[in-house]
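Trainee: So you can see what is in the structure, the chains are spelled out below.
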Amino acid sequence: MKPTLWFAVAWITGFAIPGSAIQIVHAQRSTITQQSTTTRPIVGLRKADPSPVLLVGADVVCDPDSPSKPASILMHGATIVAVGNNIQVPAGTETRTLSGKRIYPGLIDAMHDVELPENLPTDKTGYWNKNVSPEFRAAWATTSNENERKKLHSQGITAQLRAPKDGIIKGASCVVLALTPDHPQYLLQRDVFQHLALTVPRGKRRDTYPNSPMGAVALVRQAFYDAIWYDKANRVYQNNQTVPRPRPNLSLEELSQTLHSGTFVVDAPNERFAIRAGNLADEFSIDMILRGSGFEYCELPAITRQGHLVLLPVDFPDTPDTTTLESIRETPLREWLHWYFAPENPARLHREGVRFCLTTDGLDDTSSFLKHVRIAVDRGLDSRVALAALTTVPAELLGVEKRTGKIQPGMMANLVVADGDLFAKETTVTETWVAGERFEIEKEKPLADDPLIGSWKVTLPGSKQRISAVLVFEKKDDKTTGSIRCTKSQSTDEDPNAQQREEKPEETRVELKNNVRQREKLSTSVQLSKLSDAFPEGVSQLTLLIVSNVDHSKESPLVLATLTTPDGKSQSVPIRRVKRQDKPEQEVSPTPTAKETSDSNVESSERKPIEMVYPLGAYGLAQRPTKPNAVLFRGATVWTSGPKAKIDDADVLVIDGKIAEVGKKLVAPKKCVTIDARGKHLTPGLIDCHSHIATDGGINESGQAITSEVRIADFIDNSDISIYRQLAGGVTASNILHGSANPIGGQNQVIKMRWGGSMEDLKFADAPAGIKFALGENVKRSSGRYPNTRMGVEQIIRDQFLAARQYDADHKAWQDGARDRLPPRRNLQLDALVEIQTGDRWIHCHSYRQDEILATLDVLEEFNIRIGTLQHILEGYKVADRMASHGAMASTFADWWAYKFEVYDAIPYNGVLMHDAGVVVSYNSDDAELGRHLNAEAGKAIKYGGVPEQDALAFVTLNPAKQLRIDDHVGSIEVGKDADLAVWSGPPLSPTSRCEQTWIDGQKYFDLKTDRMLRARDKSLRARLVQLALETDNQPKSDKTKDEEEVKEADRWERIDVYCNAGRSQGESR
Amino acid sequence: MNRVGTHFFVATVLFFALPSIAMPNDQVPGAPQTSPILIRGAVLHPVDSPVIVRGTILLEEGRITAIGKHIESPKGALIIGAKGKHIYPGLIESYTDLGLREISAVDVTVDRSELGTRNPNVRSWVAVNPDSELIPVARAGGVLLAHVTPGGRFVQGQSAFMQMDGWTEKEMTLLAPSGLCVNWDAMQPREKDSTKQAQQRDEKWQEFDEWVEHAKRESLRQADAADSISSDLRLEALMKVIRRDVPLVVSANRQSSIEAAVAYAASHKLRLIIYGGYDAQACAELLKHHDVPVLIAGTYRLPLRRDDPYDSAYTLPERLRRAGVRFAIGGEAPGYPGGASNVRNLPYHAACAVAYGLPREHAVRSITLSPAEILGVADRVGSLSVGKDATLIVADGDILEPQTNVTAAWIQGRKVDLSSRHTMLFEKYKQKYQSGN
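So the sequences go chain by chain: F and X. Using the working numbering, you'd call the opening residue of the first sequence number 1 and step up by one each time. Using the working numbering, you'd call the opening residue of the second sequence number 1 and step up by one each time.
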């Protein structure tokens, strides 16, 4: 606000508010009238308009950039009329004195989700999938929760963004004021954003599409393309009505408008989702805002780079349970660290320049909102930034900046009145104004400051004479309890010393019973006869009426006491507070704020910075491994898996991440890191051609039989501890496959185990695209879904290839100028199938039985497709000749069998029989544990059928590289290939050898020494955090039991192919 | 996760499975030993005494009668030259459901877990299928002996120590019952709030206690009445443990579970064996003090907690050895996918421990003599020593190395058929390619 405005008296005339109009003329002379906002006839007599209100005596913070200054605020109706000093006040103005208070603009909560009513009138012309409902409106949810509204007021929140809760493309949000829905001012802004989730709504059936995050993202993508197509198709139809009319679709119409000119809010339940949302925004060039999670600090550089505004929650985690050693041990370091870092999240985001709003999103109890915001301020967030994130930033974002967010003439009268700095710990909000209506904040514990607490001297009528007594009120369990004792002083002597003397020997006390405490009144009963014989027998009733100002903290209230004696007579009795001498009783109720303050001081002083590690948690790295210019491995037994076979006492020189030379007694270049590998064995990094680690997208999208549109690549989880564990087993690359729930499954992603890197870093950039197919038992087990037999599996695959052929032809025709039709729709499912037919996408087909293998190869050959790999292929030995003639490669298990019926004929000689038939064979893991000792699995190829040792090693090095079409880059120790290497303590095919070092691209990602260091670091880190937690045991505890707590998004999804597993549970895989 | 359609799935599989599972395997049990067998020239690994290079071992009437450098050949002895070969005691899988499980995903072929939580009376050996295709496969890997255990949620049933050859389960059984299996996880509530958890745990403990006390009273009642008829099979079975005839074999991995199990067994003076033992090192003093041995549930296991060292399961045997806790190494735990079907991989679980510090001889002991001692059959099996059963294997190399194959085996002097469904299918399909079909 400009300083000149500050002292100016500003009058706004004719400021228009839809649905209401305010006319303000010079207040000194004219009356101010409000016009009716409703067409409903008035029943009975008319009522006077509310008076204008002038708030005086408080300090005012007009906006986040302005300092707090004494000023008055004049409001009329829903609007602020003037702000400043020396305001000319119209006659009949109600003046409210708020001495010692501070007034802020009403806060805006920019994220709150609401459940839409059941059984919405669903439009027949909506999208085919119920999760896509962009036409839904949060404004339809009109449920009014009085309690929740009170909580908002108590937190100073005057306006709130309400968004639809369920669905994937969920619908549009609106901004409402913290008023009842029938209030004329309630709806402040309609259709603000379109809300998206990139995962499956919670609490829904899991048998419909999509039932995985992968599927959810694919659905969003397809719906976007469909909306783009819908728009284009309609334009074509407008120009040429001889083509078929695109079937009207409200969802697509809505969505295409939003894509064109709207803004999306995308749920980002963890840091990875934030980046995924950013990628989606880039893919479709859409305006996007993140609905954050509090984990943003974990991927701060990437989130900063993407530059989207974040709707930030402040639901910081509870202090982990420190009550038993067991509970400490079972809490992963990742959770300890998150507990520590989460309150710093807002400050860290601000430091990097990420813009955000602070929201109540995710809080169990809205009334803890300010408490959490204050924690964030305490942990480094500038309070002005916090205020902006609650006022001006959301106001502008939500398009209501002309209406609210500042205290300024013409703005809505949305105000927060607090008894001090809003961001100081002890401050409480005393009243909140929403659209000119005042809401006094009920104290959470209304009797905490009961003015009756303390001692009162009363003079009671005895049977014969008046008797002095002392009434003592105390707070017990948030209730006011009282007792009375006699002073025996029968005079009305007011000398406090005399009183004290006389009081001491008398200890008889009588409790007050049946207390009913109203705001202004206490009714109680007491048997005075128990106190002294001087009183008549029976129960007397005592009523205290408190008649002073509500603000009672400063001076003692005026209290009137009435005693109704057992005979039914009522009389007023003199009562006055006993001053000063009741200190002990005053201290009965300790002020809770004092404790909090002292604790926070301890906290602050003990707080030394803890280093961020990537990924967050145990074994995370503070820095990425460095890449030396040159590395020389000296004196190892080198198993090249290449033409040089096995060389004893050999050297391998790595320059710039690539293998530069392999031989004996190589010359070390300058600035070369030399690894003494004498006595050790060196192999290419192992490659696992079938794995499900490092992905949090659910592995299986089983909602449909064909899911070629879903992509593992959308859901790489760079924080999966399995990555580190695979490295420790010498594995450098893995093929992360979709599960086996569908004949045509999702797209796979080949990764390198670049631990500590980003999701994108993990991807093997040069690996060609692939896709999972599956046959047999797993794909036919979904009853009610075609296919149910191997016969049907063959047919649906064939049908899909034909569909893709048609689809491709349609697109080509359109490109070639055929305009006698609607433009063809982009179909992501068929896109992938076209890519297969053009040789740009390789099939990895889960298969067991020989019949299904032959059937599939026949179908593929009909379409001139060469298969990428046959996965599992446990009966491959029965048809190895047919596989060889097709050119099919086999990625199998060393010795698994009998886990289901179709593998009852699986034999460990499968590898050698296929190998001897000329098939390229690899051994894979399909399992986070087995993947850690692929070297020993390869050794079994020697045992069962006598595969030569170097060929056996190739089963886990060069052959999987060939199968993934990455053998130009990895798989053998040959000049020019990536320096992906593993150092072994002994012969690599022996289970008695262990991996000692693992290198990727010439960078060391694992070695025993670093591993020991990380263990030690994590141990001390954990100890420190436990100490911190023990010191701050008054952290907010959510009232939910652990069972009720929401499962974190990343933990909602399986990390194994459940369609392959019959209920395996072995250790913690993440 | 999505388990929709499971019922249908099971039904479908049944259709295929039923005709097949009724079929016996083709391997014929060995005939009783009729003449002495002398095996010469092999490297003998007696386990309880030093390795004998180029040694000789004599088997008579199903027993080992001599072992050493030079042994006279008795008349009529079958003399087998085994130069370059290695002879070990038959390997012992110390915890498995071999014989109780055929095809994991086909429920009807699995007889591992009885309904309910209290099944001390059920006995694994009565459901072992001698014709399981999985048994010859295990034998071919050198595993001639196995501790066959039932599964379940809490008190699982009685286990047996069995030989992996025989016409009937009776011929196969060496010791039954050999233990009462209990899953102590059932005593550890999932409640995360520590205080509530402690309370719930006490309640469960109390329940268990009351049950045990009831068993004691019931046995007194029966002892008092000479002609009394048992009215509660469960209580009757429980008495075997209370009388210390049979040890409790308690599945427990986490420290708190192991500690609780030891405390329970100690307070009731029960014999105890821990199975699993992931955190056993942390309880080493306790385990040593009460002489509680541990059956390690395989070394190829993932860490239990995200923060645990990647190799915690790999190093467990060596850590227990250093701590002085008695242990044996088991193979892959019962269940999916390995378990019973890949009992043959037992030596590699021991080999993995070698990679992570365990001396080789201890690794071999951990799959032979140690489990025999722990399971109470060391007088019969577990080492090559005079008087013990002639249950041994001949291998063409170090049994811990995967290129090694078992070339011959005897159980109590009966020659073991080392062929299996796998070798038969191998031979069959070799012919397909040899004949150029």
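Calculated directly from the structure, the hints in this document are not laboratory data. Keep in mind that a hint or two might mislead.
[To be verified] Restricting the straight-line Cα-Cα distance to at most 20 Å, the calculated cross-link-like pairs of lysine to aspartate or glutamate (EDC-like) are:
id	chain 1	residue 1	chain 2	residue 2
1	X	196	F	63
2	X	192	F	335
3	X	196	F	330
4	X	192	F	816
5	X	428	F	761
6	F	1048	X	191
7	F	1009	X	191
8	X	192	F	851
9	F	658	F	520
10	F	475	F	520
11	X	430	F	364
[Unchecked claim] Chain F stretches covered by chain X per the calculated footprint, using a threshold of three residues with CB under 8 Å from any CB of chain X:
id	segment
12	403-414
13	646-655
14	716-725
15	874-884
16	959-973
Computed from a predicted structure; not experimentally measured. Think of the CB as a built atom: it goes at the ideal place given N, C-alpha and C, for glycine as much as any other residue.
Trainee: Run every hint past the structure and note whether it holds.
Mentor: To see whether the hints hold, each was checked on the structure:
For the suggested pair residue 196 of chain X and residue 63 of chain F, the alpha carbons sit about 48 Å apart, so the restraint of at most 20 Å is broken. For the suggested pair residue 192 of chain X and residue 335 of chain F, the alpha carbons sit about 14 Å apart, so the restraint of at most 20 Å is met. Simply put, residue 196 of chain X and residue 330 of chain F have alpha-carbon atoms about 16 Å apart, close enough for the 20 Å limit, and the pair holds. Taking the CA atoms of residue 192 of chain X and residue 816 of chain F, the gap is near 65 Å; set against the 20 Å cutoff, the hint is violated.
For the given pair, residue 428 of chain X sits about 48 Å from residue 761 of chain F by alpha-carbon distance, which is inconsistent with the 20 Å threshold. For the hint linking residue 1048 of chain F to residue 191 of chain X, the alpha-carbon distance of about 18 Å falls within 20 Å, and the restraint holds. In summary, the hint linking residue 1009 of chain F to residue 191 of chain X is not supported, as the alpha carbons are separated by about 38 Å, beyond the 20 Å threshold. Using a Cα cut-off of 20 Å, the hinted pair residue 192 of chain X and residue 851 of chain F is violated, with the two alpha carbons roughly 50 Å apart.
For a cut-off of 20 Å, the pair hint linking residue 658 of chain F to residue 520 of chain F is broken: about 83 Å separates their Cα positions. Restraint check: the Cα-Cα separation between residue 475 of chain F and residue 520 of chain F comes to about 17 Å, which is no more than 20 Å; the hinted pair holds. For the given pair, residue 430 of chain X sits about 66 Å from residue 364 of chain F by alpha-carbon distance, which is inconsistent with the 20 Å threshold. Given as covered by chain X, the segment 403-414 of chain F fails the check, having 0 residues with a CB less than 8 Å from a CB of that chain where 3 are the minimum.
Judged by the Cβ-Cβ criterion of 8 Å, the segment 646-655 of chain F is not covered by chain X as claimed, because only 0 of its residues qualify and three are needed. Here the segment 716-725 of chain F counts 3 residues with a CB under 8 Å from a CB of chain X, which clears the bar of 3, and the coverage holds. Judged by the Cβ-Cβ criterion of 8 Å, the segment 874-884 of chain F is covered by chain X as claimed, because 4 of its residues qualify and three suffice. Under the rule that three or more residues need a Cβ within less than 8 Å of chain X, the assignment of the segment 959-973 of chain F is violated, with 0 such residues.
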